[in-house]
Structures are given as structure tokens and as C-alpha cells.
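J.: Sequence:
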Amino acid sequence: MSAVIEKASPLEIGCWIEGHRGRYVTSELVWRAANRGFEIDDDDRRALEAYEAGDESIVWDGQDCDVYDWVVDLADDAEVWMNENVAPEGHAFGWHDCEFFLWTDEEWAQNAY
248 MSAVIEKASP
258 LEIGCWIEGH
268 RGRYVTSELV
278 WRAANRGFEI
288 DDDDRRALEA
298 YEAGDESIVW
308 DGQDCDVYDW
318 VVDLADDAEV
328 WMNENVAPEG
338 HAFGWHDCEF
348 FLWTDEEWAQ
358 NAY
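Under the numbering used here, the sequence shown has 312 at position 65, and the numbering climbs by one with no breaks.
Check each hint, because a few of them may be wrong.
Claimed, not checked - The calculated EDC-like cross-link candidates involving lysine to aspartate or glutamate, where the alpha carbons are at most 20 Å apart (straight line), are:
id : residue 1 : residue 2
1  : LYS254    : ASP344
2  : LYS254    : GLU275
3  : LYS254    : ASP311
4  : LYS254    : ASP323
5  : LYS254    : GLU286
6  : LYS254    : ASP352
7  : LYS254    : ASP324
8  : LYS254    : GLU331
Just so you know, the hints here were simulated from the structure itself, not pulled from any lab data.
Start from the sequences and build out the full structure, keeping to the hints where you can.
T.: Laid out in C-alpha cells, this is it:
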């Protein structure tokens with residue numbers, strides 16, 4: 248069964264995840280995407296919880312797995328999913344100065360490095 252996808256409104260433009268969260272910005276992105284309909288499974292939840300607890304690895308399918316790599320890969324997938332499913336027309340999500348924003352396409356063009 249598919250999750251209900253919650254689209255963003257152009258009124259939600261701005262910073263969605265602040266940089267003061269440090270390394271936890273990646274897991275925060277995944278959780279926020281999941282709250283909007285991005286599907287994660289129990290193994291993903293376990294990896295996210297381990298990452299947030301500071302664990303370096305978990306045993307998955309009989310092997311040690313690096314939770315940092317797992318969560319970073321999930322965050323990359325979540326960002327793509329947010330842009331394809333949540334961002335309003337003419338807007339995009341992305342990282343700028345270690346923070347995660349929803350901006351208009353014009354704002355992204357102006358703030359490109």
C-alpha cells in the first residue's frame with residue numbers, strides 16, 4: 248500500500264532543516280520525507296535510530312553495515328523523492344551552506360556557487 252504524499256505549498260519556502268543539527272541533518276531529512284510519504288522500511292528505521300544513537304554499524308543480513316553510509320544514501324534518495332513528489336511547480340529542495348531549503352528555481356539560480 249502506498250503512503251499518502253503530502254505536497255509542499257509555495258508558502259513553505261525557506262529553510263526546512265537548520266545546519267546547527269550537525270551530522271543529524273541527514274537523518275532529519277529522511278524523517279521529514281517519511282512524514283510526507285517517502286517510504287522507509289523497518290531496516291531503514293533501525294539504521295536511522297542507530298545513526299542517531301551514535302552507533303557506527305549494525306548487523307544486517309548477517310553482515311556489519313556502516314550506518315553512516317546507509318543514512319547518507321537514504322538522505323540522497325529522500326532529497327530526490329522530495330523534489331519529484333513534494334516540491335511545488337517551479338520550486339526545488341536542496342542543500343545550501345549545510346542547511347536544507349525549499350526555494351524557487353530563480354532563488355536556486357541566484358544562490359548557485
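J.: If a hint holds in the structure, say so; if it does not, say that too.
T.: Comparing the hints with the structure gives:
1. LYS254 <-> ASP344: violated, 25 Å
2. LYS254 <-> GLU275: holds, 18 Å
3. LYS254 <-> ASP311: Judged against 20 Å, a Cα distance of about 36 Å means the pair is violated.
4. LYS254 <-> ASP323: holds, 19 Å
5. LYS254 <-> GLU286: holds, 15 Å
6. LYS254 <-> ASP352: holds, 17 Å
7. LYS254 <-> ASP324: holds, 17 Å
8. LYS254 <-> GLU331: holds, 10 Å
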